[in-house]
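Participant: Chain by chain, the residues:
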Amino acid sequence: MIARRCMMAATFGILIAPRAPWAQSLSLSQGEMLRGRFTQQRFLQGFNAPLASTGSFILAPNRGLIWRGETPFALLTGMGPGGLVQRVVGGATTRYPASKLPLLAQLYEVFSAALEGDWAKLEGIFEVERKGIPTKWQVMLIPRKKDGGMPLQHVAVHGGRFVNSVEISRVNGDRDTIKFNEQVVSRDPIDSEDGELLGMVSHP
Amino acid sequence: MMRARALALAWLAIVIAAGVWLALMAHTGFPIQTDLLALLPREERDPVVQQANEAVSHSIGRRIFLAFGDADRERARASAQQAVAAIEATRRADPLDSAAVQDIGRKMAIFYFPYGGGGDLLSPTDRALLEDGHAGDIATRAVAQTFGFGSPVDARLLAADPFLLLPSFLSSLPAPLGRVALDDGLLTVVEESTTWVFIPITLRDEVFDLQAQQKLVDAVDAVVDRIARTSPSTRVLRLGAMFFANHGARTAIEEASMLSAISIVGAILLIVFVFHRLSPLLLNLLAVTTGIAMAFAGTFLLFGGIHVAALLFGTSLIGVVVDYGLLYSTLAFGNVAITGPQRLAQVMPSIVLGLGTTLMGYAALMFAPFPGLKQIAVFAIIGLVSSFITVVLWFPLFDRVAPLQHGRRLLQFAAWPWVFWSADRHRQARRILLAGCFVLVAAGFALYRTDDDVRRLQALSPGLVREQMEIQRLTGSSVEAQYLLVAAHDDEMALQQEEASVARLDKLVGEHAITGYQMPATFVPSLKRQALDKALVEERLLKPLLDEHRARLGLAASSTFAAPAVPLTVESAVAAGTIPLLADMVVASGIHIVVLQGLTRPDLVRAEFAGQTDIRFVNPTADFSALLGAYRGRAVGLTIYSLFMVGCLLAWRYGMRGAFWAILPPTIAALLVPAIVSLTGQPFTFFHAMGLVLVIGVGADYTIFCAETREGYQSVTMLSILLAAAMTLLSFGLLAFSSTLAVRSFGMTMLIGVTAAYVLAPMASRAVVRLRRLPR
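From first to last, the protein sequence lines are chains S and X.
Just so you know, this note's numbering puts 94 at position 94 of the first sequence, and the rest follows in order with no gaps.
Just so you know, this note's numbering puts 757 at position 757 of the second sequence, and the rest follows in order with no gaps.
It is possible that part of the hints are untrue.
Said to hold, decoys possible - What the simulated footprint calls covered on chain S by chain X, stretch by stretch (three residues with Cβ under 8 Å from a Cβ of chain X suffice, anywhere in the stretch; the number is not a length):
1. 43-49
2. 126-140
3. 192-202
Claimed, not checked - Here's a subset of chain S near chain X, in silico, CB distances under 10 Å, partners left out:
4. M33
5. A52
6. T77
7. Q86
8. R87
9. T94
10. Y96
11. H154
Just so you know, the hints here were simulated from the structure itself, not pulled from any lab data.
Beta carbons are placed, not taken as given, at the ideal position from N, Cα and C, and that holds for glycine.
If we strip away everything but chain S, and leave its shape as in the complex, we get (with noise of 0.2 Å):
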């Protein structure tokens, strides 16, 4: 479980952090947010194929994440400081309150230093390697604790503007990457559903 945890921190972290220092665009202000879509493939050894999923996803500064797997299954899950929802379309819902994942407090911190470009934050997690130019670059992270729970081999993140893909290794030798598309900040309003799932995860 704790794998888990470090593994979502990672990714979450990650999705929003390296726009910061390059200043282009994104802090985002009060009541915007970031929608966008993704695609997903996880190279699981063992498997033949590997597992790939799409969907889009919202980031609500301050309350939370929405991602929305569309295909092959219509999976919803949020996730904020009051810990993970995941709902089936048609099935249970799912809760993993913070109290049962310690790490998500630590989840949240970077969630919040990320958006606030606080560096320092995610640097006393990961050891961060930056090469390139604000319009195309690229972000090395690799955990400074081989032995605390993480069993990250590294995170390498691509980005212009905004993020475009994640690539996770990880110990054991599978392999996520997400690659992030279409992209926009504004304040249009969210759907009643995924406004439920925010208001679950949003408060500890």
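Dock chain X against the given chain S, drawing on the hints supplied.
Facilitator: Relative to chain S, chain X alone:
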């Protein structure tokens, strides 16, 4: 004379040996115990309950908590880390460090891994889903988790547990610390912009060992002081039996030292004031010192240590030993010059009878099944006998005091009760006094009520109680001293009992009687449950859905699951040591504890499990209180028994009529105690009752001294009784000002009882004097 000297020398050798032994022991530190609950009776009826109580109090007693709160997260964390380092440096306790905290989850996952895929372990939710025919939901959930955001699922886990039943089981386990979450390696709760960091600590030594305790408490105090200086905004909270025990012990020791200082200074001043000489002071100091030293040595020898309460009561009890020396010394106020041995011969009947009756009182304490009180009894008996021997063997040898010429007024003053009880002119006043006593007793008994609540025993520090409540509020978890005890033939039966009680416990949670519970069966299902679950999973999940599910995931087919090498049992789980607190819940094979959290309605819990023998509610506080009540009754019975025994002794010496008059003063004194306690609005407790036994002993001393008085020595005797009463009040009576209720109750009893015994004592002698005159 030669024989007397030889005996005196022999006694000197014994006293010196004891002194040397004590000095050697003082070098390494006296073994002083501080657990005030050790004063309580051993649970004599049920060894299982006793064993469970010990396990629970041991496990609670060894755990302490520190919490550091600050608006600044870094400051709170730095303070906590400072404390961890300081506590680790004492080598007496183990703070749970961040690596260990992070490791718990990983170790548990590894431990449970072999039992996952085949369905040996099922979360209650999954079981319900399967029973209700919603197996598809479990399959969908597994797919969702595999494809989901930031999924930790890897191929090895999927191959062993394609429906991810084990992660579901793991996340159904109770969070060990309620609301607390892990923040970068430290247990943390954020509340209203304050970050609280918690450090759970496990003590290595027995928590009630005073020295271990003191070193640790000192280390905690020092680090808290340092934090207060360097980071004034940080608040520190403490939780743990150790802090209460330490505070209780400190209070008791401070009180004991203060009370005994007053007692000693008072005694010295009083004797010098009365005798105008140093030698009676030195002789009586010798008698008391010998008594105390021998009592200490004897108690250490018999018990291997001394309880702080025995120390407190015992040193005060020794105040009685001064009776014998004083009776001897006041003979110097007699007109006739007599030698030491003659003086001894004159007081011998009084002090032998006095010792006999007092020993009867103290010996009665031995019958109280309270380990602490047994120590007190042993301490007092050895002390009394030693002082008696000192008076008998040493006083005549060193006594050089010529008849004293001063003190006429003093003698007159001391003798007023004698005059009051013998002069004809006071006949009316005597009747009024007796009538007054009767009215007091009647009025008092009309208001008589009792209170046996054990929690009143200990003066709990209000500050610590507040800190403890705040920690429990912040963490949202409290481990209660009350619990459910499961007593079955073996672990398997116990687990089945627990599983059968889940519905009732959930109902209690619904009724807000408790906020939660933990039981061994949550972590280790019974073999029966495991087999049922396995069959359920096989029938409803694997057979119909496995192939389809594997295809959906793109997982290669492998037909069967390897059965785990060892079945999951309580024994193997405890041996593995990976599940926190499991060992604390398993007392012995078949004897388990169900921990209750946030208990607010013990009555509902008791009612829910009433009439069952294999699983029952144990409330040590209530049980102890009930036992205290029973022993209060027994102590009153003991008082009556004691009066009867003293009466027999007096009847043998003075005949029936004399005995009647001689027994009356201690009887009235003993009746006045509960009466006056009731009139002041206080409830009568076990500790009042235990004091009554001593009132009888002391009161009998005084009446015997009066009865044995030779013609012309009445004022001298009364002076010695006055001195003795003053000494007793200086030592016992001062306990009435203790902050510990038990000690205060005892002191009140002595204050009332001894005063009454002094005033009423000559009543007996008046009757005896009359009797004695008749044959002449």
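Participant: Each hint should be assessed against the structure and marked as holding or not.
Facilitator: Outcome of the hint check:
1. Residues of the segment 43-49 of chain S lying with their CB closer than 8 Å to a CB of chain X number 6, which satisfies the three-residue condition for coverage.
2. With 0 residues bearing a CB less than 8 Å from a CB of chain X, the segment 126-140 of chain S misses the requirement of three and the coverage assertion fails.
3. With 0 residues having a beta carbon nearer than 8 Å to a beta carbon of chain X, the segment 192-202 of chain S misses the requirement of three or more and the stated coverage is violated.
4. Evaluation of the M33/S hint against chain X yields a violated restraint, the C-beta minimum of about 17 Å exceeding 10 Å.
5. Using the Cβ-Cβ criterion of 10 Å, the hint placing A52/S at the interface with chain X is satisfied: the shortest such distance is roughly 8 Å.
6. Interface restraint check for T77/S: the shortest CB-CB distance to chain X comes to about 5 Å, inside 10 Å, so the restraint holds.
7. This hint holds: Q86/S has a C-beta 6 Å from the nearest C-beta of chain X, less than the 10 Å allowed.
8. For R87/S, the interface hint holds, the least distance from its beta-carbon to any beta-carbon of chain X being 9 Å, beneath 10 Å.
9. A cut of 10 Å between beta carbons decides the hint on T94/S: the least distance to chain X is about 7 Å, and the hint holds.
10. For Y96/S, the suggested interface contact is upheld, since its CB lies about 6 Å from the closest CB of chain X, less than 10 Å.
11. The criterion of a C-beta within 10 Å of any C-beta in chain X is not met by H154/S, whose closest approach is roughly 16 Å, and the hint is violated.
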